[in-house]
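Asker: The lines below spell out each chain.
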Amino acid sequence: MRLLSSSLAARVADVGSLLRRIIGAPDYECYLAHLAAHHPEVTPLSRDAFARDALARRYDRPGSRCC
Amino acid sequence: MLTLARPVRKLARMSTSVVSTRPPSRVASVLAWSVVAVAGAGALGFLALSRGEQVSAAWLLVAALCTYAIGYRFYSAFISARIFALDDARLTPAERLNDGRDFVPTNRWVVFGHHFAAIAGPGPLVGPTLAAQFGYLPGVLWIVVGVVLGGAVQDMVILCASIRRDGKSLGQMAKEEIGPVAGFTALVAVLGIMIVLIAVLALVVVNALKSSPWGTVTIGLTIPIAMLMGIYMRWIRPGRVLEATAIGIVLLVVALYAGRWVAEQPALASTFTLSGQTLALLVMAYGFAASVVPVWLLLAPRDYLSAFVKIGVVVALAIGILIALPPLQMPALTQFTDGTGPIFAGALFPFAFITIACGSISGFHALIASGTTPKLLERERDARFIGYGAMLMESFVAVMALIAACALTPGVYFAINAPAAALGPSVQTAAEAVAKWGFVVTPAELEQLAKQVGETSLLSRTGGAPSLAVGMAHLFSHSLGGSGAMALWYHFALMFEALFILTTLDAGTRVGRFMVQDLGSHLWKPIGRTGWMPAVFLSSAVIVAMWGHFLWQGVIDPLGGVNTLWPLFGISNQLLAAVALCVGTTIIVKMGKARYAWVTLLPLAWLTLVTMSACLAKIFSPQPRLGFLAHAHMLQASQAAGTLPAGVKTASDLARMVANDYLDAAVTVFFALSFIVVLADSAREWFAVISGAKAPRSTEVPFVQRPAVAGD
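Protein chains in written order, with our numbering: chain P, 1 to 67; chain R, 1001 to 1712.
Hint data in this document are derived by calculation from the structure and do not stem from the laboratory.
Values in this document were obtained by computation on a predicted structure and should not be read as measured data.
Built from N, CA and C at the ideal position, the CB exists for glycine as well.
There's no promise every hint is true.
What the hints assert, rightly or not - Chain R is faced by these chain P residues, among others (derived, beta-carbon under 8 Å):
1. L19
2. R20
3. I22
4. I23
5. G24
6. P26
7. C30
8. Y31
9. H34
10. D48
11. A51
12. L55
13. Y59
With the sequences and hints as input, model every part of the structure.
Answerer: Laid out in structure tokens, this is it:
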């Protein structure tokens, strides 16, 4: 039962991550996973700081939007 | 997600290789593709040859889907294998430069969704609706053939080129591959195109909302909704994007009902019944505000909301059309192919190919395909699915918009889309005008329809959004709930179109602001500081004033403005596509693959022919309704005679219209010259490489082999 509910939670988290990436929103979990895997020595930003930083990066350089 | 997807894909790849080595399955595959080809060709032939009788939308769908399938299976595979030799063993920029932020290896379906949400907007909905004045046939042929040989090729080639260059932008590639002159010209042209694009889209919103309290309130409410989402994500639950978006979507539905409630209260309704001029000023104020306030408050939440709604609406539209399979009321060809159409001036060639830009080929996509997308691909060969495939999807949206427009009776279609100058002030005069064009609609029908969708009048709502909304409301209320729901569906359709448009408008204004700041910093350094408020306000005001001028011109134009501005936008968008194809051709030639350069040269030659003919017609045509200069001369003649042409109220309006005609002509000349500069500069490079004067040297980043992983 425990196993079932935890796999359900994981499934929901997966779908959440998928939707976030489709709309181009910052994905904090992905960022944490990346740091843990490749740069274990770096202290990760907080969720809040990461969200601010991601927005600044996305919009402070002229990207483009289509018709 | 990723760990799951990888083995599944490997399995899929293994199974296809198994299939292709077994002779019986190969026979089956050849047979299956032959059936697809015959079905597609048959449906296209049927559409082309049927005259007089009503045709079901099913024919159009079959023709489109079969052509897409053939194009994807064979042509995109050819480009992938022969030109770029896409190779999954080669590490992508997302893998090599993975930083967990900009460069993130991402599942191909996710990238597809992201890329599609970025390229699709109001363009493929509006263009085909307007072009329906020629009948359904020119539109469907150009959308289907144009995308397979042109639009999807452009998107895929630019995406591949950018992946091989660590995600460089179109402007950077133009500069490095062709030369600094072409690079700078492309940059300035992009700014010009952006201004025309924003103006014409804003005009579509204004035309949809004027004298419509329900629409105005519903769309107005989307702004505080976005701000609420922004505050939620910033202060209440930082970074919880999905929660905020879910709340936003619920609130959008509330806004829909709130609009209806306001429209039912006479006192409130009159407050929100606004004229075109007032709405234009409000849209300009909004664009300015969106450009100066922090992105978390307005831009980012709007983007998220819009991306979800976009994908949801496309799916809903597809389901609605599939269930209803409406008969096409519009004839295959109307008499307006000779250029006498009321919605926009100009004959079938070249103006059908200018009016439908997005959906067939769109230069703006080259900016996306060389923006975020190349930084996300986890395998090189995904570029085929994402570059070519997502554009096919956008093209399919255009086909659906065409179906929705042609499912209306032509009488209703022209009454909604023709300008007031052609229709006159009342349903009676409108019905008479429509009868003169050879179509039938009664005043009572027009009144009844307006009442059904909860508006006082639907006449002369030029721009495509309202007629598409009526078409969609028809489809949806047919397939999902009775005619009582029609008013809700109409305003729902209007709301999402306005949502797309305002998302393009606010992000575009901000991008334009950065470009102005960038250019201005060459004159005076501090202008370029993006955090310095005076510079931010000044550059935002400059950019809003530029598109605001065109918007205002469109609003006061007695012919409705879309008449003038949409062709100008179409020309500029197709010219940007031509610039992208110049870059693509140069890259192919420099790879030493000049023998395959026809892949990009073919659409480039066609676009050059189309856009140059359109530019010449818009500038020099002796007909006042088509040529800017002829129109100016006509107005000047009445100025000299001291009279006012029909629909013009004051002498100062007249003087302004004359000045605008000259401005429009100058803008057209500017676009044409920019393109000629880029084309000439590119051609010089091609001949230098082909004649051997210059060695073909690719600027791709070196090949890095994917390390072998156990089990791979």
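Asker: State for each hint whether it applies.
Answerer: Evaluation of the provided hints:
1. L19: holds (6 Å)
2. R20: Given a least distance of 6 Å, the restraint on R20(P) holds.
3. I22: holds (4 Å)
4. I23: Where the cut-off is 8 Å and the nearest Cβ of chain R is about 4 Å from I23(P), the hint holds.
5. G24: Since the shortest Cβ distance to chain R is 6 Å, the answer is holds.
6. P26: holds (7 Å)
7. C30: The hint holds - C30(P) has a Cβ within 8 Å of chain R, the shortest such distance being about 6 Å.
8. Y31: holds (5 Å)
9. H34: holds (3 Å)
10. D48: holds (4 Å)
11. A51: This hint holds: A51(P) lies near chain R, its Cβ roughly 4 Å from the closest one there, short of 8 Å.
12. L55: This interface hint holds because 5 Å falls under the 8 Å limit.
13. Y59: With Cβ-Cβ at 4 Å, under 8 Å, it holds.
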